[in-house]
Amino acid sequence: MDELRKKATELLQSGDVQMVIGYEKGTKGPRPCFISVPEEAHKLIFDEQCTGNLAVYLTHKDLIAGQKVAITASYFALRSILRLFTENQLQADRLVVLTVSVDKQLIVFTAVDDIAAYLQSAPVPKREDDAALIARLEAISREERWAFWTEELSKCFKCYACRAACPMCYCNKCIVEENRPQWIQPWASTLANVEWHINRAMHMTGRCSDCGACGAACPLGLPIHLLTRRIVQEVQENFGIGANEAVQKDNVLSTFKPEDKENFIR
Amino acid sequence: MMEKRYISLISLKRWLEKLNNDGKHIYAPVHKGEKIDFGRISSTDEISFDHVQTTQSAKSVAFPRTEVLFSYEKEKHNVRLGNPASDSIPESVVFGLHPCDAAGFDPLSAIFNWDYKDELYNARKEHTTLVSISCTKSDEYCFCTSVNGGPGNTTGSDILLTPVEEGFLAEILTEKGETLMKADETCFEPDRGSVKEDYLVKLPKKFDLKTVQQRLNSAFESPVWKAQSQRCIGCGACAFVCPTCACFDIQEDAHGDKGKRLRCWDSCGFTLFTQHTSGHNPRETQSQRWRQRLLHKFSYMPDRLSVVGCTGCGRCSRACPVDMNLLEHLISLNN
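Chain order of the listed sequences is A and B. Using my numbering, the first residue of the first sequence is number 84, and each one after it goes up by one. Using my numbering, the first residue of the second sequence is number 512, and each one after it goes up by one.
Because the hints were derived from the structure by calculation, they are not lab data. Watch out, some of these pointers could steer you wrong.
[Unchecked claim] Think about it this way: if two alpha-carbon atoms lie no more than 30 Å apart in a straight line, the pair counts; the simulated DSS-like pairs of lysine-lysine are:
1. Lys111(A) / Lys648(B)
2. Lys737(B) / Lys151(A)
3. Lys693(B) / Lys529(B)
Make the full structure from the sequences, and use the hints.
Below you can see the structure in the form of structure tokens.
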């Protein structure tokens, strides 16, 4: 932690960055903070509780406002940052990416490729909380699963916290806000909610870092992050690429190659 | 009016079952996964009594998340309009809401009757009786005592129950409350003389409302909004769980020659909030939208409707994915 605060102070003092996006102590757990003066770098914390995906702020134009920034990134935020580079949303010379490894070492990435290399070697953080629910969903029939999701999603009131918490949802205009034509019914009702969540999950295919921020953000506690998690698994099974690789590739669902195994595109 | 009675837990359940058998729709706090939220109950065994706060407020009983305002159908040269069924709204009872939620119906009613008397809201509210339960515990997000409320505040309730030894002190506060009690008055015993205040949670004031309001009056251009709103990610969680947030959006469920016009919850946190057709947006940044949220509740509503737009329930802070703790921001404005 001292190393991180020292580095943040250095970066701000030297003028290498004008803002450090990190975590500070919040009401019950860590929360995002934005440090612009070296005197406030002591607020920064970074531990295994810091699971919120800070990469979401890198595309907030009002916040970044053309500044050079540093970010303290969790494992999954690093994946999101790689994806944002792949999608040309970030500039390497305007961003300093920091992380703290499991053995508490501060790591300062100097190149995008170094992030990719780090993700290959670092252990994927465990999330045991969902194991029981995933096991239950895998054990039941397709019809029962549909009934489960219909019931869960019927509760959604469309506050869009899932969208707001996701680093990949940086569109200026979300498809649910398009009304000429209206692709998705924007009100809250069972069918309209299912439409929204299926669309959200499909738009994440091959892009999702599997950080779980969408589910963590849901004020109603709907396990919507399991939809995107399942899609990460589907991408692995159908395209043979894991989440770390997928985030560096062209979008799996909208990229066609002569060697693709499906016959319908030939 | 005000009448005090005593009711045991067993009699309370018997009374609720009578109301249920009479065909009333009873909404009460129930377990929903790991959360506690309002749901329609069929048995009193479903009711949670020991939570601090439900995830959502009780406002949807009078202001549903999606509501049909009217329907229409083209017939040759005519358009047939279908009015909302405001005469077939079921008699509802919200049971077990806390005083902060009952008090929340005052600002809601003020908004829905400000310049236009909203037929649907008023009809739903008219057909709803509120049976609240005083608070015997609170958490770090609660601040009702700082916004004219309190753990045993009677504002807005038709009946207020305060847990006393083995049962409840029942304050029958309105005619609606009395009518509901009389559905089975045998459940209610004479008052046992319990001192209500002895059973309520002690919740010290966290800030001075007048001071905060005075500060806000001259704070429109303050840099504080930008600083406070940096971590806000612009979702609608705070507004949707709020007992007093009443902003709505109109949507069209159109299918060729027929359709429905819908009223849906909206939030000042959304980028589309106040966006004009021209593209101009009077609240175009997140800091302006955050300012809108605070000024609306603590300045505009007191000025225009003589009611504070916050009851200190703390839900917005509990629901926020990035810990935009409202109380913390109000305390910093106070100081």
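Practice item. Run the structure past the numbered hints and jot down the numbers of the failing ones, going up. Key: Structure breaks no hint.
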